[in-house]
Each structure stands twice: as C-alpha cells, then as structure tokens.
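Protein chains in written order, with this note's numbering: chain W, 1 to 875; chain L, 1 to 115.
The set of hints was computed from the structure by calculation and includes no laboratory data.
Every residue gets a Cβ at the ideal spot worked out from N, C-alpha and C, and that includes glycine.
Check before you lean on any hint, since a few could be wrong.
As the list claims (entries may be wrong) - Residues from chain W that face chain L, not an exhaustive set, calculated with beta carbons under 7 Å:
(1) E18
(2) A21
(3) H22
(4) R24
(5) I25
(6) E26
(7) D28
(8) F48
(9) G49
What the hints assert, rightly or not - Beta-carbon label-pair distances, calculated as ranges:
(10) W:G34 / L:W70: 27 to 33 Å
(11) L:D44 / W:D867: 55 to 61 Å
(12) W:R75 / L:E49: 29 to 35 Å
(13) L:T87 / W:L380: 36 to 42 Å
(14) W:G34 / L:R100: 37 to 43 Å
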Amino acid sequence: MRKQMRKQMRGSADFSREIEAHIRIEADRYRAQGMSDEEAVATARRAFGNVTKSQERFYDSRRWLWWDHLRQDLRLAVRLLAKTPGWTAVAVLTVALGIGATAAIFSIVNTVLLRPLPYPHPKQLYAVADAKFGGPISGVGLAADYFVIRENIRGRSSSPIEEIGAYDSGGVNWTGADRAERLVAGQVTASFFTTLQAQPLYGRTFLPEEDKPGGDQVVVLSYLLWQRRFGGDASIVGKSIRIDRGEAVVIGIMPAWFDFPQGADLWRPLALTEGQKMMRLVDMVARAKASASDAEVQHDIERLTQTVVNEYSRRQFLAQGVRFFARPLQQTLTGDLRPALLVFSGAVGLMLLIVCFTVANLMLARATARRTEIAVRVALGSPRRRIVSQLLTESLLVSLIGGAAGLGLAVLAVQALNATRKTALAGLPEVSIDVSTAAFTLIVTVLTGIAFGIAPSLGSLGFGAREALQDESRTASSGAGLRRMRQILVVAQLGLSLTLLIGAGLLAKSFYGLRTRNPGYEAKNVLTARVSLAGAAYTSRQRQHEFNETLLDRVSRLPGVEAAGIGPIPPGISGNFGIFAIEGRPDPPLGQGPTSWKLDVSLDYFRVLGVPLKEGRTFARTDSQDAPLVIVVNEAFARQYFRGESALGHRVTSYTNDDWATIVGVVGDFHQAGLDQEVAPVAYRSFEQVADVSMTPRSNLLIRVANDPAGLILTLERVAAGMDRDQPVFDAKTLEQRLDDSLGSRRFSAALTGAFALIAMFLASIGVYGVMSYLVTLRTSEIGIRLALGAQRGQVVGLILREGVALGLIGVALGAGGALGLSRYLTALLYGVGTRDAETFGAAAVVLFGAVLAACYVPGRRAARVDAAIALRHI
Amino acid sequence: MSTREPDRLALLQGTLDLLILRTLALGPQHGQGIARAIQESSDDELLVEHGALYPALQRLEAQEWIAAEWGVSDNNRKARFYKLTKTGRKRLLVETSRWRRLAGAIGRVLGPETA
Chain W
1 MRKQMRKQMR GSADFSREIE AHIRIEADRY RAQGMSDEEA VATARRAFGN
51 VTKSQERFYD SRRWLWWDHL RQDLRLAVRL LAKTPGWTAV AVLTVALGIG
101 ATAAIFSIVN TVLLRPLPYP HPKQLYAVAD AKFGGPISGV GLAADYFVIR
151 ENIRGRSSSP IEEIGAYDSG GVNWTGADRA ERLVAGQVTA SFFTTLQAQP
201 LYGRTFLPEE DKPGGDQVVV LSYLLWQRRF GGDASIVGKS IRIDRGEAVV
251 IGIMPAWFDF PQGADLWRPL ALTEGQKMMR LVDMVARAKA SASDAEVQHD
301 IERLTQTVVN EYSRRQFLAQ GVRFFARPLQ QTLTGDLRPA LLVFSGAVGL
351 MLLIVCFTVA NLMLARATAR RTEIAVRVAL GSPRRRIVSQ LLTESLLVSL
401 IGGAAGLGLA VLAVQALNAT RKTALAGLPE VSIDVSTAAF TLIVTVLTGI
451 AFGIAPSLGS LGFGAREALQ DESRTASSGA GLRRMRQILV VAQLGLSLTL
501 LIGAGLLAKS FYGLRTRNPG YEAKNVLTAR VSLAGAAYTS RQRQHEFNET
551 LLDRVSRLPG VEAAGIGPIP PGISGNFGIF AIEGRPDPPL GQGPTSWKLD
601 VSLDYFRVLG VPLKEGRTFA RTDSQDAPLV IVVNEAFARQ YFRGESALGH
651 RVTSYTNDDW ATIVGVVGDF HQAGLDQEVA PVAYRSFEQV ADVSMTPRSN
701 LLIRVANDPA GLILTLERVA AGMDRDQPVF DAKTLEQRLD DSLGSRRFSA
751 ALTGAFALIA MFLASIGVYG VMSYLVTLRT SEIGIRLALG AQRGQVVGLI
801 LREGVALGLI GVALGAGGAL GLSRYLTALL YGVGTRDAET FGAAAVVLFG
851 AVLAACYVPG RRAARVDAAI ALRHI
Chain L
1 MSTREPDRLA LLQGTLDLLI LRTLALGPQH GQGIARAIQE SSDDELLVEH
51 GALYPALQRL EAQEWIAAEW GVSDNNRKAR FYKLTKTGRK RLLVETSRWR
101 RLAGAIGRVL GPETA
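Just need the whole structure built from these sequences, with the hints factored in.
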C-alpha cells in the first residue's frame, strides 16, 4: 500500500519540467504564427496563467499539506514577529500579564474551592454546627451537645451519618528543649481521626478510652513538628515529651498532607469533665454513609435539634435558639474566602477579556499595515484559508510565548502570595501550581490566541484583493470595516477597564476608610505579647494572679516603659458574651434581656491603650478581691441601657454570678473587636475581683513605651523567662502591626483589583492611542486640505479629539453600566461604602477619561503639526 | 485593454475529466496538446484553464485511467505524454453515455429554442 503510494508520487521538479515543456510548445506555436521569440514566450506564459498556483495544487494532491503549511506558517510567523520586535514585545507582554494573572488566581481558586479535601471520600464529610453560636456559616456547638448527638447517631442504625468527631484548637507550651516553645494543638476526640479516615504515618491515633479525663496523656505529632524538632526520627513514637508541664506519650505521627485543624503542630485528646462539657464550644465534623444523600444528612442533623433541646428540659435557658445544621466540610472551611475569590475570578476574567481585545486590536493594526501584502498574496492566488491560517498561527504563537511567560509570572505571584498568606488571605492553604493549573493555562492561552486571531482574519476576509490594491492609492477611505472593528474593541476595553476601576475604587475606599478610621485608642508605641499560664503550677486563681502581678511589676520598671496592662488585645475580643440584669428593672422575657461583653482587665489597661475616661473613675487599687464589686462600662453600654440617665451607680449582675456589681466609670468607645466591627456594649471587670479560675489562663500583655516598641521584644522575653523558663512569651507584635494585619485581606483585595484595573486601563489607553494614531494617518491628506483652506490648528486638533472623546464617553457609559450590574458581588468585601458609591464612580470615570485624553495627546499633536504642503503632495 | 477575451463557456465541474479522456482516445498527447485539442475541437468555445488541467491529469493518473511518460513532441520538444489505459477506455464509455443522457435530459427540459 505504502509502496504503491510512493510509486505514484512524482517529484515536483518533474512537474515543473512538464509545465516548462507546455509553455515552450505553446511558445513554438506563437512563433510559428510570426511572433518574436520574447513575445511568444511571454504570451505563452500569460496564456498558461498562474504557474505557482498549478504547482501548489499539484502539491496539494500528494502530501500531508497541513503539516507543510503549519511549518511554513510557523517559519513565516517567526520571521514576521522577529521583524517587528517592538510590536511582538508589547503583544507578548500583554498576553503574559493576562495569562499570568489568570493562572495565579486560578491556582488559588483551584487550591481553595476546587481541589477536593485530601481525605478519603471527601464529599461524605460535613461540618455540623449550632446556629446559636457563630451564625449560619462557621458555627460551632456546645461540647455537651456533641456527646448527645454522637450517642443518638450511634444508637440508630437508620442514621445517614456514619461517624462524628469534635475538635478545637488551642495553644500549648512545649517545654521539652532548651527553650520553651508555643505550639498549636488540635484538641480532638478519638472519633475525629476515624471520621476523617486519616491514617497515621507511624504509630496510631487516639483510642476511645483516651479522650476521657485521666487517659489523655498521649499526643500525636504533625509531620512538620516531627521533622523540625525530632529530625524525622520514628523512634520518638512511644517516648514521652513535656507539654504544659505534663508528660505525654507520643503515640503517632500524621503524614505531611494532614493539616486539620489548620496549622496544628500536634493533636491531643479532647478530654472533658462533665462541667467542662457545658462550657466548651467545639467544631464538629461528620462522615455520611456512602449511600446517604445530601438532603438526608441535612435533614437528620436538623432533626437532632429536638433531641438536644429535650436534654435541656431542666435548663430552658440554654435551649434558646438551638438549631443544628450540616454543611459540606469544604464549603465551611472555605466559607470566608469564597466571596473574595469569586470577586478576584471575576476581575481576572474581565482583565483577560481586555487582554484579548488589546491583542486583537494589535493584530488588527498589524493586519491593516499588511493589507497590501495580504492583497498581493490573494492576487497571486493564495487561498483565503491559507491567509487565515497564517494569521491564526501568528496569534497562537504570540499567545503561546505569552502564556509561557505568564505561567512564569504566576509562579512568582504564587510564591509571593504564599509568603504573605498569613495576613493577606487568612485561612488560605499553601497555594501551588499543579497540573490542573497548567492545563487551565494552556487552554486559556490557546483560546485567547484563537480569539484575538479571529478578528483580523475576519477583517482580511472582508475585502477583496482588487479593492485593497486600489485602496492603496486612496488611503482616506480605506479599511472602514477594520477601523470600525478597532473602535468597537477599544470601546469594549474602556468599558471593562472602568468596571474594574470602579470595583478597585470601592475596595480601596473601604480599605482606606478603615485604615484612617480612629480606632478609639492610641495604637502608636504599644507592644503586645501573650503568655499562657499552663500546667499544675497555675491552676489556682491565686497563682495566676501572682504571676500577672509580678510580670506587670517587672515590665513596668523596664527603661522606656510608661505603663503596662493585661487584657484583651485589640483588634480582637477574648472574653465572655452574655445576658445580664440591671437592678430595679423588671425581668425581660426569656432570651431578650440585655447582652454585653464581659472582659477582664488590669488596673492600667485603659491608660496603656489611651482610652479616655468619660465619666466616673477607672479601677483603683482599692477595688480589691474583698471590696464591693465594681465594673467600668463603655459608652455603647451606657447609651444602649441607660439612655437619658447616667449609668454611674447602677448595679448589674450576670446570671452565672449572683453578686451585684456597681458601675463606677464610663470609658470612651473603641473598636475592641476590629476596625470593621461596630462597637458593642462592653462591661470591664478588674482582674483583682475575678473570682473564677480561668480554664485557659492566658495573659495578654499591653505595654506603652516612649518609643520603638518592637525593640522591647527581646527584653520582654528575657523578663518572662527569668520568672518561669517554661512560660514562653509568644506572638509579640506592636499594636500598629496588629491593626495593619487585621486589614491585610482588605488591603490585598484592594491592591489586587487595583493592579488589575491599572493594567486594564493602561492596555485600554494603548488601544485608544493606536486607533487615534491610525485615524490621524488616514486623515492626514484631509487635514492638509483643511489647513490649506484656512482651518485653524485648534480646529484640526478638535476634529481628532472629538473622536477620542466619543470613544471615551461610550466606554465610560458602558463601564458604569457594567459596574452597576456587577458591584453587588462586592458587597461582602465592602465596609462603609455602598456598591453604587457616586464618588467612586465619578472618580473612576474621571481617571479613565483622563487616560483617554492622554492617549489622544500624541496623535492630536501630530495632527496639529501636519504640514499642508507636504500632506497635499501625498494625496 | 485592447484585446478583450472572447466570450467563452466555462467548463462544468467534472466535464474536464471526460474531455481529457475523449481527447486521449484519439492517441497519446502532451498537456499543451490536450488543451489545444479541446479548444479546437470545440470551435474555440471551450477554454481549458491550465491551473485546472494539470491537477486533473494528476487525478486521472492517480486513478490509473491514464498513464504518462516523457517523450519528444512533433517539434522536438521534450514533453510528458499521456495515453489512455484499458480501465480509462472503459471509463470513457461509461462517462460518455452518462453525459449524453444528462445532456439529452436537460435539453428536453429546456425545450425547443423559442425566445
């Protein structure tokens, strides 16, 4: 078969000889008719027609033509691109930016939202929570309820839930080595690991009898900790380590991929006493049976609400508002990031569109410049599809080079992102560029190449060879179709840019609004750090109190320290939230009583933070353990519960503590929970008068210094180590740093969309510049005539600017419309700014319009400098 | 332009193959000769476009209806001569009768020349 094909093949040289013979025979005939030699040959050639076309068609019939064509197209494309290095660089860079941004964002979305959780059958995993605590997205539940639920599920074979586990995370002091270290510990039930079906790398996980008080002196290490502190030595399994001053036997090591709850260095059993079960809040994870549907799981968990409430029959107060629900675990873990990621995906999509338009525009400009070349090729008999495939090859080549560069950019971007993920996108797992990202990038790249190759191809098909060749001499009217297409592309670019600009503007405005918001305290020159009092030595209130007093005393005497206090470090609230009663007022209906935060602080807490006293007094030494209970409230508290009267002198009580406390002072409102949280009513108690022992005693230090708070960190660590070398100071940061970090994700959102918007605007400006320059070139002769007839330079410039202004106005109108439609998706990311903020819309429009005018400047000046004499000569 | 092309009939798709086979039935001929023969025997009504002629020859050769070899023309030019093969001759008969039927049928539809 192959042999036969080869036999049939004729060389193209043979074919050429045949055609030569044809022409010579024909010429002989003409000569016989009396023509001269030259005339005869010329006539014979003309009569034959297009030799090359015949040859090509001959060629067509015997080869894998597409392969030849592809090679030919590629060679030509490379040569043409190399001939215009400037154009090529701009096009490749544009594509690289677009693809890079797209790939980087995709890799985040892929990591967070698309890639399944690393556990077996991840779709069967659900987060279970009580809407009463923490709301409908990232809820938690009471530990006691977890036990009720688990018992119910396990006692009922019809339940769609196979297993359920509870977990929480907290810090522990690891005191094994020369220097104590603070570690993140997952506190989990034995069923936690079996629910996730996570097998240890070495050893085992917890046994059912180990998550009970007394049996809990065991620990499972994370891969990272095992590598970092034990050099990956598996013989550590079975040995004891010291945690929180107690001994714990290492029973297992988890594999590297197991990172749940996020950031855990080790896992300890969640062993709770009956009393603790009523106070601890835990997260719950459940595994559904393989056969169970999503609806069945949801329904079963919701039904359990009644079971739990029945358990509370003698404690009606706790049963208020209980409602259990189940959500797919992945959704719950990524709940907070979802809105931001969707916004970024949208923004990057818009930017990619702009990139496509930009390159399409560049290709069109190129096609316009090459109209003559293309027309000549058509005239010489090149089939249309060959020209289209040539243009497509060129655009695909540009996009593939750009895509490769873009992937490189994405790798850099992801590295930078991973370095800042602690603050930028809190809760974000380590992002990596994997096969799916690469595949996605390739697909986007090819689609982009085809998309921006099609416009010029259509353009080149839109005119015949004759018109194009004729047009060459009368430039003014030529290429109206191409010009129209370029205008449309530019308007689309402008519109999309404005949409992005407005989005970025809204995010930036809400970020700067928060950044410049007065927190209500003086963040400058305050150092903060935490010390956790763990172990048997600090189980009594007295011991905890003594430690705090000594620490404060020693720190206060350090040089440069003005005041030191202990209490919740803003932004962030750590304390209790609950209902209370005001003396002399009737009991409100159940569940509708006044509520407030109840925070414990030391004497100088307000002084360190610089929070002003509005009324009465703050705590004094005389407010000792034996003195009458006093509280200080914030203005929000006073305003909400003592409208129109002074709060001073009133007595309040919380239900869990039956003693009445007198309000002795009102301090100014400050954003305790965070700059983006409204100020809630807070009642402050003095440490001195707090009678109950904290289960998780943690001292949050706040130190006001004269200057350079960060310089104090080392000294502080030394002071703490001098008191008890097993109590590490950790998380030392200046208050300003904390404020800054708390806005990290907002800054990131604003900066990212801002960068997209700027790139988009820049690309759109280049588009405007290109279209306007071309317009000036086209109209040079017309301008010459106008000038010759007495038009003023200003009028000429106006003529050109008019078109730019028209493009700009249409673009702005479209963009504003797009922003109106899309900005509601930003709601979750905005604070203190409406999605239709007129100021932002106006400012963005002005900025974009300015960019349009700037892009018109150079072409406009060229139009103004047209020399009538020269222009007229070229008509 | 001083010399306008005479108004010639364009060849119907597929008819060129038939005309080539018919021409070669008279004896071996080279490409230029085939083109000229068709033109002359149609009283200059049919003009063979050379861009189509050689691909057609190529096609017929591939189907083994014609065979080719280099030879010397009347006026001592080297040329590639084509001749009809046995299968080509059969093909010519089939194609000719099919063409006559088609032409007759179209003629009947169009009716006598009136207008």
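List in ascending order the numbers of the hints, as given earlier, that are violated by the structure. Every hint satisfied by this model.
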